[in-house]
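Build out the structure end to end from the sequences listed, making use of the hints.
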Amino acid sequence: MTATVEAIQRELTAHLRSRTEWDEQPALFTLHRADGEAVRLVRVPIPDDVWTTIGHPPTAVTAVAHLALRIPRHTNGSHLLAMPGAGQLIGAAFRYEAYEISVDSDHPAAREAARRRKAGGSTPHFEHIPGRVEQRCMTAVDVDGGRYLASIDRIDESRPEAAEPKTAYLAFSDPNRDGLTGNVVDVTNRFLNAIKPVGAERR
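First residue of the sequence shown: 1, per this note's numbering; consecutive thereafter.
Don't read these hints as lab results, they were simulated from the structure. Small disclaimer: the values here were computed from a predicted structure and weren't measured. A portion of the hints provided could be inaccurate.
[Said to hold, decoys possible] What follows is a list of derived Cβ distance ranges for each label pair:
{"no.": "1", "residue 1": "Asn176", "residue 2": "Gly85", "range": "33 to 41 Å"}
{"no.": "2", "residue 1": "Glu24", "residue 2": "Thr59", "range": "27 to 35 Å"}
{"no.": "3", "residue 1": "Ala14", "residue 2": "Val198", "range": "14 to 22 Å"}
{"no.": "4", "residue 1": "Glu161", "residue 2": "Thr75", "range": "23 to 31 Å"}
{"no.": "5", "residue 1": "Gly36", "residue 2": "Leu80", "range": "37 to 45 Å"}
{"no.": "6", "residue 1": "Thr59", "residue 2": "Met1", "range": "13 to 21 Å"}
{"no.": "7", "residue 1": "Trp22", "residue 2": "Gly77", "range": "35 to 43 Å"}
{"no.": "8", "residue 1": "Ile155", "residue 2": "His66", "range": "35 to 43 Å"}
{"no.": "9", "residue 1": "Ser18", "residue 2": "Gly182", "range": "37 to 45 Å"}
{"no.": "10", "residue 1": "Pro84", "residue 2": "Thr53", "range": "39 to 47 Å"}
{"no.": "11", "residue 1": "Thr75", "residue 2": "Glu6", "range": "22 to 30 Å"}
{"no.": "12", "residue 1": "Tyr99", "residue 2": "Pro47", "range": "22 to 30 Å"}
{"no.": "13", "residue 1": "Gln88", "residue 2": "Asn176", "range": "26 to 34 Å"}
We put the CB at the ideal spot given by N, CA and C, even for glycine.
Written as structure tokens, this is what we have:
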């Protein structure tokens, strides 16, 4: 694992640790190389009503990516949303809240739902399953095709405290790369491709 990958993971988990409230609006970020191997997260200025009007966060990111394709660029080919001065653009990240179910849950309904999902069966929306765990998550992609997931579990629904973050990373060449897939990864990658400097390789 490279120093840059480790720096991205550190930045994602540091951001999750810094949040003190739940039920926040989602947020979209660009990732930049800072001094040395350091990485900087820069929030993309998206009005709150974009999230509330569209309702489904990945759909909102898709809309932002479509808009980004129509925004004029700087004369050097860099994108206005890539915040010149923040450093070299190396990725994008999307923060959102979600629910998780586990076969190791203390609640039998969550265990059964997780078992059925793993077997390919249908389950209710996770938020309606007793024993589900609320999470704050960040999905990120980098310009080399790497995929990242950082998440932090809420310990108790009545309190704001959270457990320690968990992280996962899969390189573009990793045979298990599809272990980090889905519409959240897809829309984050679509946004990154929309704001890459003109002439940059697109995957």
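Status of each hint after checking the structure:
| no. | hint | result |
| --- | --- | --- |
| 1 | Asn176 x Gly85: 33 to 41 Å | holds, 37 Å |
| 2 | Glu24 x Thr59: 27 to 35 Å | violated, 18 Å |
| 3 | Ala14 x Val198: 14 to 22 Å | violated, 31 Å |
| 4 | Glu161 x Thr75: 23 to 31 Å | violated, 49 Å |
| 5 | Gly36 x Leu80: 37 to 45 Å | violated, 26 Å |
| 6 | Thr59 x Met1: 13 to 21 Å | violated, 33 Å |
| 7 | Trp22 x Gly77: 35 to 43 Å | holds, 40 Å |
| 8 | Ile155 x His66: 35 to 43 Å | holds, 38 Å |
| 9 | Ser18 x Gly182: 37 to 45 Å | violated, 25 Å |
| 10 | Pro84 x Thr53: 39 to 47 Å | violated, 29 Å |
| 11 | Thr75 x Glu6: 22 to 30 Å | violated, 34 Å |
| 12 | Tyr99 x Pro47: 22 to 30 Å | holds, 26 Å |
| 13 | Gln88 x Asn176: 26 to 34 Å | holds, 28 Å |
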